[in-house]
Amino acid sequence: MGTSKPSGFCFQYAKSGACRFGSQCKYTHDEFKKDQNNKSVPRSFIQSRKKPNGKCHEIKQPADHIGEFFAQHPSFRHDSSAPIWSEFYRMCDDFDWVRQDPEMLEAKREFKSAMVLQFNRIYGKSERDMRSWKKLFRALNITPVPIDLKACRKVISKTHVNLVDLVDAPRTGASVMIFPSLTELQDYTIESGKFFPKSHAYAGGLLRLLLREILNARESLH
Numbered sequence: 107m108g109t110s111k112p113s114g115f116c117f118q119y120a121k122s123g124a125c126r127f128g129s130q131c132k133y134t135h136d137e138f139k140k141d142q143n144n145k146s147v148p149r150s151f152i153q154s155r156k157k158p159n160g161k162c163h164e165i166k167q168p169a170d171h172i173g174e175f176f177a178q179h180p181s182f183r184h185d186s187s188a189p190i191w192s193e194f195y196r197m198c199d200d201f202d203w204v205r206q207d208p209e210m211l212e213a214k215r216e217f218k219s220a221m222v223l224q225f226n227r228i229y230g231k232s233e234r235d236m237r238s239w240k241k242l243f244r245a246l247n248i249t250p251v252p253i254d255l256k257a258c259r260k261v262i263s264k265t266h267v268n269l270v271d272l273v274d275a276p277r278t279g280a281s282v283m284i285f286p287s288l289t290e291l292q293d294y295t296i297e298s299g300k301f302f303p304k305s306h307a308y309a310g311g312l313l314r315l316l317l318r319e320i321l322n323a324r325e326s327l328h
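According to my numbering, the sequence shown is numbered sequentially starting from 107.
Worth flagging that the hints you see were computed from the coordinates, not collected in a lab. Keep in mind the model is a prediction, meaning the values are calculated, not measured. Backbone N, C-alpha and C define an ideal beta-carbon position, used for all residues, glycine too.
With a Cα cut of at most 30 Å, we get these calculated BS3-like pairs of lysine-lysine:
#	residue 1	residue 2
1	Lys240	Lys218
2	Lys260	Lys240
3	Lys218	Lys300
4	Lys241	Lys304
5	Lys304	Lys260
6	Lys214	Lys231
7	Lys300	Lys260
8	Lys300	Lys231
9	Lys240	Lys264
10	Lys241	Lys260
11	Lys256	Lys300
Computed Cβ-Cβ distance ranges for the label pairs, DEER-style:
#	residue 1	residue 2	range
12	Ser298	Asp202	21 to 27 Å
13	Val204	Leu255	44 to 50 Å
14	Lys260	Asp199	40 to 46 Å
15	Pro276	Val251	15 to 21 Å
Based on the sequences and whatever the hints tell you, model everything.
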């Protein structure tokens, strides 16, 4: 019964292709090759370090629609941790845009689109997806999360919250305020200038439902 060879490589064979001990050599006969650092290492060692075959899947970062909007204006130094409307107003000041300036109106239109798309990205689009509702209630710090869609709609219909604050929350890290009445929410919105588009082509089902709840609540006041 043959004995196994001790671990190790025969450097004499690796360099010259010959060994004076021949098959009786106690070390493994293997050729050396250059590795990526131009060092001599055994061929089998290089092969053992090769990456397995397979496709490399690129991990895509989620889109930042607000960041992409401000990136269209590279001369403005956007603060990605600041409230979005504050940044927009600051950009208008930097560019000396007046209220009816065509450039400002176009930028405002694109900004509102980015705002809607960002809401969809953060919370989801479908009002029938419990995962979207869970994200929303987590942002609002409402616990426990209702167990079904009907209960979710019932709770949110009584919750007065600024939708811009929901978009700002991941940026600023600030808690989203829930107001005791629609009147107080309206006062806050006007004072802060945090207006969300009442309707938009990019709005998902969840966002449209929230907007309907707000509009219905406003109508009930009159």
